[in-house]
Each structure stands twice: as structure tokens, then as C-alpha cells.
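J.: Given chain A, put chain B with the ligands in place with the hints provided.
The lines below spell out each chain.
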Amino acid sequence: MALVELRDISLIYHSRDGETEAIKDVNLGIDEKEFVAIVGPSGSGKTTLLKITAGLIAPSGGRIIKSDDVKIAYMPQRDGLFEWRSVIRNVLLQPEIAGTNMKLAREYAEELLEKYGLKDFEKKRPSELSGGMRQRVALIRTLVSKPDLMLLDEPFSALDFQTRLYVCDDVLRIIKAERKTAVLVTHDISEAVSMADRIIVLSSRPARVKSEYRIGLDKNLSPLKRRELKNFSAYFKNIWTDMEAPDE
Amino acid sequence: MSEEHKQYLKKQKVRKLVVRLVQIGILILFFGLWELSATLEWADPFITSSPSRVAKSIASLYASGDLFVHMGATLWETVVSFLISTVAGTLIAVALWWNRFLSEALQPYLIVLNSLPKIALGPLIIIWVGAGKGAIITMALMICLIITVISALQGFQSVERDKIDLLRSMGAGKGKIFMKLVLPANIPNILSILKINVGLSWVGTIMGEYLVSREGLGYLLVYGGQVFKLDLVMASTLILCVLATAMYLVVALLEKITEKYF
Ligand SMILES: Nc1ncnc2c1ncn2[C@@H]1O[C@H](COP(=O)(O)OP(=O)(O)OP(=O)(O)O)[C@@H](O)[C@H]1O
Ligand SMILES: [Mg+2]
Numbered sequence: 084m085a086l087v088e089l090r091d092i093s094l095i096y097h098s099r100d101g102e103t104e105a106i107k108d109v110n111l112g113i114d115e116k117e118f119v120a121i122v123g124p125s126g127s128g129k130t131t132l133l134k135i136t137a138g139l140i141a142p143s144g145g146r147i148i149k150s151d152d153v154k155i156a157y158m159p160q161r162d163g164l165f166e167w168r169s170v171i172r173n174v175l176l177q178p179e180i181a182g183t184n185m186k187l188a189r190e191y192a193e194e195l196l197e198k199y200g201l202k203d204f205e206k207k208r209p210s211e212l213s214g215g216m217r218q219r220v221a222l223i224r225t226l227v228s229k230p231d232l233m234l235l236d237e238p239f240s241a242l243d244f245q246t247r248l249y250v251c252d253d254v255l256r257i258i259k260a261e262r263k264t265a266v267l268v269t270h271d272i273s274e275a276v277s278m279a280d281r282i283i284v285l286s287s288r289p290a291r292v293k294s295e296y297r298i299g300l301d302k303n304l305s306p307l308k309r310r311e312l313k314n315f316s317a318y319f320k321n322i323w324t325d326m327e328a329p330d331e
Numbered sequence: 584m585s586e587e588h589k590q591y592l593k594k595q596k597v598r599k600l601v602v603r604l605v606q607i608g609i610l611i612l613f614f615g616l617w618e619l620s621a622t623l624e625w626a627d628p629f630i631t632s633s634p635s636r637v638a639k640s641i642a643s644l645y646a647s648g649d650l651f652v653h654m655g656a657t658l659w660e661t662v663v664s665f666l667i668s669t670v671a672g673t674l675i676a677v678a679l680w681w682n683r684f685l686s687e688a689l690q691p692y693l694i695v696l697n698s699l700p701k702i703a704l705g706p707l708i709i710i711w712v713g714a715g716k717g718a719i720i721t722m723a724l725m726i727c728l729i730i731t732v733i734s735a736l737q738g739f740q741s742v743e744r745d746k747i748d749l750l751r752s753m754g755a756g757k758g759k760i761f762m763k764l765v766l767p768a769n770i771p772n773i774l775s776i777l778k779i780n781v782g783l784s785w786v787g788t789i790m791g792e793y794l795v796s797r798e799g800l801g802y803l804l805v806y807g808g809q810v811f812k813l814d815l816v817m818a819s820t821l822i823l824c825v826l827a828t829a830m831y832l833v834v835a836l837l838e839k840i841t842e843k844y845f
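Chain order of the listed sequences is A and B. Everything in the first sequence is counted per this note's numbering, starting at 84 for the first residue and increasing by one. Everything in the second sequence is counted per this note's numbering, starting at 584 for the first residue and increasing by one.
One thing to keep in mind: the hints can contain errors.
Here are the computed lysine-lysine pairs in the DSSO-like style, where the Cα-Cα straight-line distance is at most 30 Å [what the hints assert, rightly or not]: (1) B:759 x A:229; (2) B:589 x A:154; (3) B:759 x A:186; (4) B:757 x A:198; (5) B:746 x B:757.
Chain A is nowhere near these chain B residues, computed Cβ spacing over 10 Å in every case [claimed, not checked]: (6) 621; (7) 650; (8) 683; (9) 703; (10) 711; (11) 737; (12) 754; (13) 763; (14) 764; (15) 770; (16) 794; (17) 835.
Simulated from the structure, these hints should not be mistaken for lab results. Even for Gly, the Cβ is constructed at its ideal location relative to N, Cα and C.
Okay, chain A solo, but in the shape it has when bound (with noise of 0.2 Å):
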């Protein structure tokens, strides 16, 4: 049974000027250790889609259903660290919000920033950081509620693209060792390519499934790796002319 499942989901946006359809009817299954890319064209509804698996916007129309205690965790298209707090006191956001055992969540907190290379700038501000670092530490924020879904929301848009391949790597490789199951939304197709398990192709606005992928590269590769081999950019031309192709 899937993790999280969206039933004929779909979404109007409601506004002064009219009424944008975002969404129709998409049915999408989330599998348990999975990682799902999905992939449509700018403004299509990826971030509507993602808003409504995360619980932030309710659907027009479908219903999502998980189970009460699938904990899901929504990391925004921008890093969205708060320049106040210090990189500790921004990773520990979600407990001191839910008001959990603080000394616990402090230790995991910390165990997370020293395994990934952040333990010397716990005190740092997140302006002291680059951006690739921004990026893990917005990351283990995510990671901390110990989330049994992250839906992660283009969080390599801001990067350039050198820093941002290493940043896919080390992603990976997080989420891969702390055994989540991961949504990423990107409109960057080698990105999907390379790290997901599955790709789901979205059409242009209002959002459908279009097709979807299931990725056979070696999944012990990490996505620098993977897009070095024969069958990368296989899978890139045909989700590619999928994208381009008039939707029905």
C-alpha cells in the first residue's frame, strides 16, 4: 500500500480576477523509501500539487489519503531560512513549534549537523553560509521532525549549476542515509533523471499526469555518476519530447 495517495485531485484558484484551474483530476501513489521526482513546466501546479499533499491548501475536488501518523514535512521553493535565528535554532524550528522534547531534538539536531559537515557553523548565521550549505541546513530542518515524507519543493533553484550538482550528491546521499521517502519538484529534467526513482511528467497548466517514468539507473550511483551513463540520456530525450508534446 502507498505511503500517501492522491485521489482525482484538483484545484481551482479562486481570485478577484477570475478562477485559475491548477490541478484536474491527478491520481498519484507515493510508495514507502521512494524517490519521486516530478516534472512539468513552470507554472504548471507543481507547487499547488505539493501544498495540497502537504496539507497547506485543501483541494477543490479528490481526497489524499495516508494514514493519521504519516508525518510529512514541506521544505518551500526558497531555503526560507529565518536570518534571526542561528543555523542550531533554525534546524530546531519544527520542535520548538510542536513543542516537543527539546533536548532530544537537540541531540538529534546536532548528530544531523556534524554528519553533514555544518557541526563548526551551529552558530553561524544562515547569511554566513553559501548557499549550498543554506541548502543542507534548510534540509536537515526538514529532516529533524524525522518526517516520514519530505516533499521538497525546487530546492536547487537558487543554486549555480556547478555547486548545484554537488548539492544533488550530498541531497541524496541524506536522504538515502536517513531511509526517507522524498517528493521533488523540479523543472530541471536531467535533475529528476539522476535522482529519482520515478518521474512524474506533468502537463501544462491546469495539471495532469502526463506519463511517468520508472528510472533504471543504478541506484548505488550517486546522480553525479548516473548521469554519466548510456541510458541517462535516454531517459532525458524521452521525458524531454514528452514535455514538448502538445498535451490531449
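T.: Positioned in the frame of chain A, the structure of chain B with the ligands alone reads:
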């Protein structure tokens, strides 16, 4: 430390010293010329007064014990209206942030109140509040409060949607969103409101004292003008400069201290 950096530091130090000297120079030059123009009768000291006459005027105010009465009265009114308008204005802004409907409903009234020249309310205030300290403080509040509400609310509402969503996804309600995100993100904004309010509360208080008062620096200014005691007018203006600057510096210090934490 490299030789070049040493040179740089030294240059900066010298520059700072020169700036300070020029600042003091301007002050001396200003008072010197003023005094000179009075002694040499370039200008009629009866109209322009002079530093020595101003000093005499302040000394006589001090001797009669009036100096601190007037300073105290104005300072008290200013500080009270500053505090009330800042605290109440921020609280009202919080309420309006909390209740979007309310803020939309009240929007036109805020705009009207903000555009209205507050001095027009003078007669009403005197009749409703009475011709006393209450009227002066009310006048100052009219001037500071609305603009505080508007600027604070604008700051509150411009917090990034993404960050609010992040907190909501962590299970935060409105109260926590305000305490953990909106308020801390707005500390710089609130501090700059404080700075503006220092200036505005002085405007309001002096304006209030022009309308009604039996004491205070505004009263001295009006009285001095009516009986053509320009020494007194100049003396009050000078004291006002000093007090207003002192209050600004206190707020600036407060800003420095909070900046360390935010
Ligand atoms: N709050 C809102 N009110 C009205 N329309 C909205 C709102 N949020 C998004 N939309 C519209 O819904 C559509 C989908 O937006 P969404 O942000 O989900 O797209 P996206 O795929 O994440 O885009 P991007 O790749 O640029 O991040 C867009 O046309 C957008 O203009
Ligand atoms: Mg988006």
C-alpha cells in the same frame, strides 16, 4: 596585519578626526558669526537675538526655576505620546494583521485619517478633551498613531508567503506564526518606526502646546513670539534641539542593542 592595511586604518582615523573637527568648526563658526553680527549690529539683535542673550535668557529661566518646569512638561508629554502611540499603534496593527477582514474593512478610514492634516482637529480636541495636557497628548497621538498602524501593518503583511507556509506545515497556528516569524522579521521595521515616531511626537507635542498650554517649550515659543522676546524664542528652540536629539540618540542606542540580537 599588512602595511597597506595599517595605512588604511590610519587614513580612516585621520579622516574621522577631520570630520569631527569640521563639525565642531561649523558650530563655532555659526555661533561666532551670530554673536558678531549682533555686537557689530549687522542685524538688529532685537530681531535676531544672539548667543549671549540666549544664554542670559536660559540662565534667568533657570534662576526663576521655570526652566525645568517647561522642559519637564514638554518632555513628559512627548515621551508619553511616543510610548502610547508606538505601543498602541503596534497592537492595533497586530489586531489588523490577525483579522484580515477587519483590516480590509478599515482600510479607507485609515487612509482618510492619515491624509487629514491633524491640526484641523485642534478645536475638536480642545472641546472634547479639555484645554490641558490631555489635549496636547491627544494631538501628538493623532499625528503618530495612524502612521504607526499603517507602517507596522504593511511590514507584518509583507512577510514571505513561503515562510508562513513553512511554519504552517510544522503545525504552527496564527499566534506562533506571529511570534516566531512575523514579529522577529519586523524588528528592523519597528525600530525604524520608533525613529520616525520620535520626530513626530515632538511635532505633535509642540503643535499641541501651540493650541493650549500654560507651560512647556511650545508655550514659551508662542509666548515669546507674542511679546516679541526673541531671546526667549531662540532659547526655547535651542533647548528643543538638544532634547529632541537626545531622545533620538536613546532610540538609536536601543536599535544598536536590538540589532545584536536580530
Ligand atoms: N494563490 C494563488 N492564487 C491564484 N493563482 C495562483 C496562486 N498560486 C498559484 N497560482 C496560479 O496557479 C498556477 C500554478 O502555480 P504553481 O505555483 O503551482 O506553479 P509551479 O509549477 O510551481 O510553477 P514554478 O515552476 O514557476 O514554480 C499558476 O498559473 C499560478 O499563477
Ligand atoms: Mg513552484
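J.: Would you mind marking each hint as holding or not holding in the structure?
T.: Results of checking the hints against the structure:
no.	hint	verdict
1	B:759 x A:229	holds, 21 Å
2	B:589 x A:154	violated, 57 Å
3	B:759 x A:186	holds, 20 Å
4	B:757 x A:198	violated, 34 Å
5	B:746 x B:757	holds, 13 Å
6	621	holds, 54 Å
7	650	holds, 44 Å
8	683	holds, 15 Å
9	703	holds, 35 Å
10	711	holds, 40 Å
11	737	holds, 19 Å
12	754	violated, 6 Å
13	763	violated, 7 Å
14	764	violated, 7 Å
15	770	violated, 7 Å
16	794	holds, 43 Å
17	835	holds, 20 Å
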